[in-house]
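Protein chains in written order, with numbering that gives the first Met the number 0: chain A, 0 to 382; chain B, 0 to 194.
Be careful, since some hints might not be right.
The following label-pair restraints were derived from C-beta to C-beta distances [claimed, not checked]: (1) A:Ala-205 <-> B:Leu-165: 55 to 61 angstroms; (2) B:Pro-155 <-> A:Ser-24: 53 to 59 angstroms; (3) B:Tyr-149 <-> A:Gly-181: 21 to 27 angstroms; (4) B:Ile-96 <-> A:Ala-103: 40 to 46 angstroms; (5) B:Tyr-33 <-> A:Ala-364: 24 to 30 angstroms.
I should point out that these hints are in silico values taken from the structure, not numbers from a laboratory. Just so you know, even glycine gets a beta-carbon here, dropped at the ideal spot from N, CA and C.
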Amino acid sequence: MIDRGGSRRDECEAGGEDAGRLEVSMGPQHPSTHGVFRMDVVLEGETVVRLKPVFGYLHRNHEKIAEQTTYLGSMPYTDRLDYFCSLTSNWAYALAVEKLAGLAVPERAEYLRVITAELTRLQNHACQMGFMLQDLGAMGTPMMYAFREREKILDLFESLTGSRMMCNYMRFGGCRADAPAGWIEAARGVVGDFPRFLDEYEALLATNEIVMARTQGVGVLPRDLAINASASGPVLRASGVGYDIRKTDRYGVYDRFDFRVPVGDHGDCYDRFMLRLLEMRESVKILEAALEQIPAGPVIDGKVKLRNFKPRAGEAYGRIEGPKGEIGFYLISDGSASPYRYRVRPPSLINLTALEEMCLGQKVADVVVILGSIDIVLGEVDR
Amino acid sequence: MSVEGAGLIRGFIETGRNLVGSYVDPRRWVTVQYPEERRATPENSRVYPFLVYDGADPEEGLRCVSCKICEKECPPQCIYIVPAQDERGRPRKHPAIFDIDISVCMSCQICVEVCPFDSIKMDQAYAWDREDRFGGLLLHKADLARPNRYYRELHPAEARVVDEHLARERELRESGVRAAVRASLPGSGEPGGGT
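Pulled out of the complex, with its shape left as it was, chain B reads as follows (with noise of 0.2 angstroms):
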């Protein structure tokens, strides 16, 4: 330490390391070069919310019963859920308008934890560059529906588990066991109930 430079010489070397390095050892080639090559995100990972639906018809195959759990729970209240009417005024356990406001939304993932009936869950889609920041952000039902299958892509292991819990829930069900049913749904289970 007593050379004079000699700790300057030492920072020089390591960049020198670093510089030569970064041409013959893999674990220094870091960048990505981004939008040619698209690393994959790992299954946890989360962006927005999306709704699933079954079968083939994204408007009545949606799992959403509009009971406004979401609605109530999410923090920076970004969503907002009109229940569809039937023909005498009366509510039906399915929405007429569900809107995220994804220039709100903090994809902090408390919907879908709070969401008894799995119907809403973590898109990992990350480019929403839209020229309208106020409507191009506003997502509406048809924009936001998936098929249970793109679920199945994206969280594999997660969809496995649900899959499962809502079979053994419609064998239940079936089986004309309905307080049983009610009884193992997750949470305060009642639609709109518990507040």
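Only chain A is shown next, with the shape it has when bound in the complex (with noise of 0.2 angstroms):
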């Protein structure tokens, strides 16, 4: 059970009588939830008192499906749990498949990891901030702007991985291709020209008072609730908690980079905004730095099998730090080609499980900034 610290619930129902309370179903189709997905909310005048998120729209039987395929068949499905992030989820499948079978990673293909990461986290948290601003009311301009630099992101993944958004990218042991020829330089030429768009968009709205007025003091998730809540990501960090697994567990090559962790004050939506903009600015200096680092060589290790791949008997847990926070995978294999047991840990839903205490005595126009500032993706909540 979730310890809700002294519970602004009981506050809120202390008026006890339902008389002039008005119950709103928000979604499923209301097109500020970002896909499929229902609040049940009860108004009293404008100010929530109960809110309810209602979702398994959206549900695919994916960790179902998951256990009669065989491991590499999953890998493209992994793609379309965060449709935003292909890229990180691919990661951490791949490596929890890496520990299940005790595979190593040659390094061209921990910095290709780290790249293609990064990158992502760059278009994720562009686009974020742009479905916020755009549930502000801030219609079409930042959301554009966001668009116009991911497209550009998107471009370089085609021209890696093949396709835009479901990229499938990464294979056990190593990545499944090589940079084609130019694609270090281009990549170096998209990463130099994004501080431009980040001072662009920080001018345009970091110190804008409508966006303050909205955001400062609202939705806010108290630390110790952010952390019995079992939050991660930006959603965690903004309420004070420094905690990012590519510094605690120091996957893959990232010990070798030297970036800080931004950390919010007050876990309210602007410090959830602000902090994105600053992770770009730290993900910018891991991805110039592993553009000049990355060394030449084989990017998956020879031996691992596509087909027929078995790993011994066990379990695993592989996590990284997506762009919404930690996405893990659990796995038990039993020696067979499929796993007896696929679970996701995906970041959206459990960031999600917040939402209540952070509306409760808002008004119901900042619930929908309050849901747009947790950065949520159906297809990774539902699953």
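Got two chains here, each in a separate frame; can you build the complex from them with the hints?
Below, the structure written as structure tokens:
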């Protein structure tokens, strides 16, 4: 059970009688809900007194399908969990299988993984900020600027992996293909231009009085609740907890890069917004270093079988710091060609569990902003 | 920051810079006028699979030996293969039916990766609008067959490697060293084997 720390719910329910309350069903196709997600909101005037998130509309049986198919066959399905960040889902799954089977990854592949994961973080955060501002009523402009930048990164993904969104790029023991000629230089160009966009975005909105009025002090997630609700990623760090798996686990080659983990003070929507901006600046630093240091060599361990891949019996949990938080895969192998148990730890879903606590006592118009600030993708929430 | 509205004005200046910039700065000319203007797809780009044939006959030249590895490995199970038979009813190394339901296909390229005969590759044609969403998106052997020339145009670097590999194999076969061919094949080698 989550310790809800002093519980704003009690305060809100102290009124008791249901008279004058209005129950509103936001979703499942409400334009602000980022997909088929429904919130049952009970209002007193304009104030939220109860909120029940309802999800499952996009359930696709991902975990059970993975238990029927081969280890390799699940890889393209992981693209479709968080369709904004297919490469980080790929990496987390590959990491879990590599732990299970005890595989080593060549150095160049580790660098390619870091580069693609950080590029994914850049485009995810840029678009998340755009979506959140769209929810605030900044129609079009910030989102279009974000999409303009995202397009350049997706073009890089297409020439590297073959697909813009459903990349299916990682393999057990490395990456599927090496970067084509000129790709590293092209990536360097995109990364070099990115700070210009960040400055522009900051000038556009960071000191904007309307944005500040709508987000500062709205949707506060207290530090203790964030920890107890098992939140991760920018949502946790905005509440003042400096927890980043890139720093704590040092998976891949992250220990070779010098970067800081930005931490928020208040845990409100504005902190979550600004934290992503700061994280993107750190990602640019990682990318510049990685693109400089990337060694030559093979990108995949040639001895790993593509077909008839059967890791030894056992269990493993692989996790990485995805753009939305801790994305993890838990696998149990019984020595056969498909996992006995396959479980995803989706950051969007876990971060969403604290939604009601963030929304209680706020106005109904703020619920939309709070939801936008959590950064969810329903493909991952419902699986 | 003391002046009320200063942040708003900063934002408007930024928007204005983008608006004016979009007329003069080529880096801001990002819109592609799609149906009239089409950007070339990168070499690695992939959409749906096709079958490669050598020579002029799309039926007899097919490289596919109907080993059914791709059918087995395809994650969404969108490939359907029936091997051809010779006059005595024994299976030939040739598909009688090779269907791909591209309404199910998720373009993951796993069929291409597992094929030991380099006979299935990824196409880059992306406009697949059809009136009939069932039959129109079920591709048969004749719709899927493309000459090796087409493959070379789509993926020049990759095709060069494949062509060299196949030429070496043919040479070995012609010089009678069949065991060496078997050993040089990727994966388990034997068609239909290793399951």
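Consistency of the hints with the structure:
1. A:Ala-205 <-> B:Leu-165: 55 to 61 angstroms: Given about 58 angstroms between the Cβ atoms, the range holds.
2. B:Pro-155 <-> A:Ser-24: 53 to 59 angstroms: Given about 55 angstroms between the Cβ atoms, the range holds.
3. B:Tyr-149 <-> A:Gly-181: 21 to 27 angstroms: Holds, since B:Tyr-149 and A:Gly-181 (Cβ atoms, about 24 angstroms apart) stay within the stated range.
4. B:Ile-96 <-> A:Ala-103: 40 to 46 angstroms: 43 angstroms, holds
5. B:Tyr-33 <-> A:Ala-364: 24 to 30 angstroms: 36 angstroms, violated
Comparing the model with each numbered hint stated earlier shows that hint 5 is the single one that does not hold.
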